[in-house]
Amino acid sequence: MIENTKILNLNKHNLFAPERPAIIKTVNLRKVYRSFNVETVALESINVEIKEGEFVSIMGPSGSGKSTLLNLLAMLDKPSSGSIAFMGTEVSTFSDRQMAQFRKRFLGFIFQNFNLIDELTILENVELPLQYLGLPKAERRKRAMEMMERLEVAHKKQFFPSQLSGGQQQRVAVARAVVTNPYLLLADEPTGNLDSAHGQEVMDILSKLNENGTTVILVTHSAQNAEYSQRTIHLFDGQVVTENINHVN
Amino acid sequence: MLGSYLIITLRNLLRHKTFTFINTLGLAVGIGSFTVLMLLVLHETTYDVQHFNSRRIFRVTQEIKKNNVGERSASLPFPVADQLKKDYPDLIAETVRFFNMQSPAIPVGYKGEYHYEKRFFFVDSTFFKVFRFYLEKGNTKTALALPNSLVISKKIARKYFGDEEPIGKKLTIMVGHEFTVTGVLEESNFRSHLEFDMLASFHSLNEMYKMPVQENWIWNPCWTYVVLHKANMKDELRKQLPFFVVKYFPDALKDFVSLNLQAINDIHLHSNLAYEISINSDIEYVHIFLGMACFLLAIASLNFINIATARSSLRTKEVLVRKIIGANKSELFWQFLFENFLISLFAILLAFVLVEISVPFLSDLSGNPLSKWITNDWNIAAWLGACGLVIGVLSSIYPAFYLANFNASKNFKSAVSFGKSGTWFRQGLVVLQFMISIFMLISTLVSYDQLRFLRQAKLGFDKEQIIVLPIAFTKILYRYDDFKKELLGCPSISSITAMETIIGREHQTHEYAMPYNPDEFTFFPSILVKHDFIKTFNIKLLAGKDFESIKIFKNDGSVYYDYPESYSTDSLTQSGAVIINQAMLKHLGYTKAQDALNQTLISHAGKERIIGVVDNFHFTSLHDTVSPFILNLAKDERRMRLVKYMAVRTQRNRTFEALEYIARTWPEFTAVPFEYFFLHENLDQLYNKEQKLSEISAIFAGIAVFIATMGMFSLTSFVVAQRRREIGIRKSLGSSASALVFLLSKDFMKLAMLSILIACPIAYLGVWTWLGHFPNHVELKLSNFLLASGVILGVTLITVSLHTLRTVLQTPVAAINQQG
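In order, the protein sequence lines correspond to chains A and B.
Mind the numbering: the first sequence is residues 1 to 249 in our numbering, read in order.
Mind the numbering: the second sequence is residues 250 to 1069 in our numbering, read in order.
Worth flagging that the hints you see were computed from the coordinates, not collected in a lab.
Please note that the accuracy of each hint is not assured.
Partial chain A-side listing against chain B, Cβ under 8 Å, derived [said to hold, decoys possible]:
hint	residue
1	N115
2	I117
3	Q131
None of the values given here were measured: they were computed from a predicted structure.
Each residue gets a CB set at the ideal place from its N, CA and C atoms; glycine is no exception.
Sequences and hints are given; from them, build the entire structure.
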């Protein structure tokens, strides 16, 4: 992660310090979709601040704007107005190229339907983000194998995604998300396609990653999953309605 | 990274085998077709480029035009070459003449056995200095230096001498002239408009011709080539030519003659003169082949783009994941470019195999096998490689760009609709492909129509049931009447005549003057003929009569033929006879055919009385319009020597008996072997180029439809995949299979209809322009347009129905559960 510090002059802060800096902060975030002259407000006046090392859940009914907010926080989309600061750097005005650079260096993603590339083996899938970071092959392989061993999927390295169970696929997806040692891990309903046992397993992994210093933002319908987080942001009709503190590390 | 791209590409291609197959095959067929057509274009456009300093070699041509009649001739009078070189030594380095006795074939004998040789020329000894042909045996400097020397091809050497040494052997030319073989030509793969098997030294003519032909400035039988010191001296020489004409041509001619220069490289594609030394091609056909090549490449390319972009809808998840993980546009662009490029490489390999398989079956416009000219496979490989790489890269850019630009901000649910955004584009490509296919289909149908028209058009004479016997240089010329009488004894033969050239194919040009101005000669298209010409060819007589022979029955039952005295071969009146066509009648200023009868024209042989007027008939191919024409009776021995063919009309269905009879009778009159051909077959060959064009058009129009159909197939599968869920829902609500097939087919039929609506007017203009090049052409028929449209609609309906039916017949649950 030497490159990251060069770009943003960031250092992972001491998680036990009394006042942690915000890893991401939004001010008056607004997102409007337009089609056929119909304007749909997806998000309105969103002001959230997520501190380094936090584990935050975003909850809300369908259509409340959870995924839209996650897309904005993940730099997959640009807001209609308002600002998003990542570690103090305004990113809402970034170009596509800058956003892509940012994503690959600082963010990790986990999805409900795993989104592994079917044509790549498990090992190749986990290696992929490191490939885009330009790491040499040996280094990539070493780090991917280490991460797969930690997530107990190394023995399946030559398998294709379709040959794995849902729980195994999501472990691989987690391995791929964290293999770059990201600053922020974004998870969109990561247990939605898993049975309860496998779902709990994944939540335990996320919890462990958070304990090791990774900031986690979780979008979920499940109150049970939200309990793994320290704080829950509730959205309704595109607005933050409440924020609950679940527990403090 | 490249290794990773390669792995994922191969896995992807194997996973979607149908797409891969269609895409690779479509592109391979397109590249292969393009290569074949370009080889054909290359073949046609590289004639005579091999000669030393080919840019300095020009053919001198002659135009005689007076009162809007005359000729544009590829050949010149004998003395022109020498005189040009003598007068302009600063401009002209060398000259070469070709002369073939104005006979399409010359009898050549060895040890008493004769054959007709078609590619025989007398050439000047400078031949090997000017043209790049080599001798395998003999010396190029001396081989043609002495009279009665002969250079022959290896084929001829084998034909006459087998394995014997040909050098020094003697061959008898034209029954009675002995020539010694002094050289054997090296086999050459060069393309040249000069096609020959035997070259005799020009000096031999001094001994062979009693009359001083070499001093004759009117008769123009010599193809004359000049080599300039520098190519840019062409304009200077051209400026001098009018002065040269005035200085040397006879007074009666000099005001109406012009000489011109034709670059040797231009002859094969750009020359269409009378008396060409060989059958030339036409630049228009090269343009058509180029157009076809581009069309096929475009169709294959559009197909490739279409399938690649349709296929990209299956890659949305991968693109999204890669983008989210951090891949930027350029990385994705290169990845997908690499993938498509890899497919094009496979296609190139497959195209190479297809071309290799097809080359032995290909021939040029003249019917020569193309493989003869393709000396090695590197020619093909170079074309395939170059064109494949260009098409591969160009066709890959759009799909790669399309995929790389997919917006990562869309979530995965909306990603399903990703493919829809490009629907109009893909439909546009299919419309374009179909437009090209329809255009090519219509063009093919019209070209076949035109070919049929050319072959079946009413020529104004009856070409069926006619056997033509070449009689040039045979003793039959001197015993013509006896031979004719002998043949007429066969009941299967109904009429016989003879002629200077083949009617319907070519003509000569002879000088005639009006009686009121006997010194002012004009060159008119005409041929010398023998009695019963009008009767034999069944030409419509408007007034007067044929050069008749009268059938007399003797008391002993035998038949005897005689000729009316006024124009018989032993006429006492000193008057000849001519029959003119209607265009000539008009040219002479008569309105009624009757008025021209018994009027006289003056030829060098004396007075020629008009004894008949016939309706216009096509005395040359239908590529030309009908102009004034004179049929002149070959009444004396001098003229008889110019007659080269006998035409025998047989009774219907009795040709075989007639042929047997002629073959039996022939050896009694001449030692030259009996040869014959049917007039209708010979005239059909006039349209070989059109036939070749039709055949080539048909093949490549078929290929165009095939590729376009594959494009349609892939688009159908893409759309069906997209609408699978909708199909399931409709089916669960009670829709029948046929209603669903109709629902899905309807959109494609609309595309096909749109293609038809746009392509038909364009095709109409295209074929109308092409037909405009023919003075005689077929009328455009609606049926051709309907047929082409029907083919496209039918192919679309079958492709779409077959494809959709499979999905439609699935259970609704299976369809609903499959996410597009």
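Structure-based check of each hint:
1. N115: Constraint on N115 of chain A satisfied, holds at 5 Å.
2. I117: holds (5 Å)
3. Q131: Because about 6 Å separates Q131 of chain A from the closest Cβ in chain B, which is inside the 8 Å limit, the hint holds.
The structure is consistent with each of the numbered hints, conforming to all of them.
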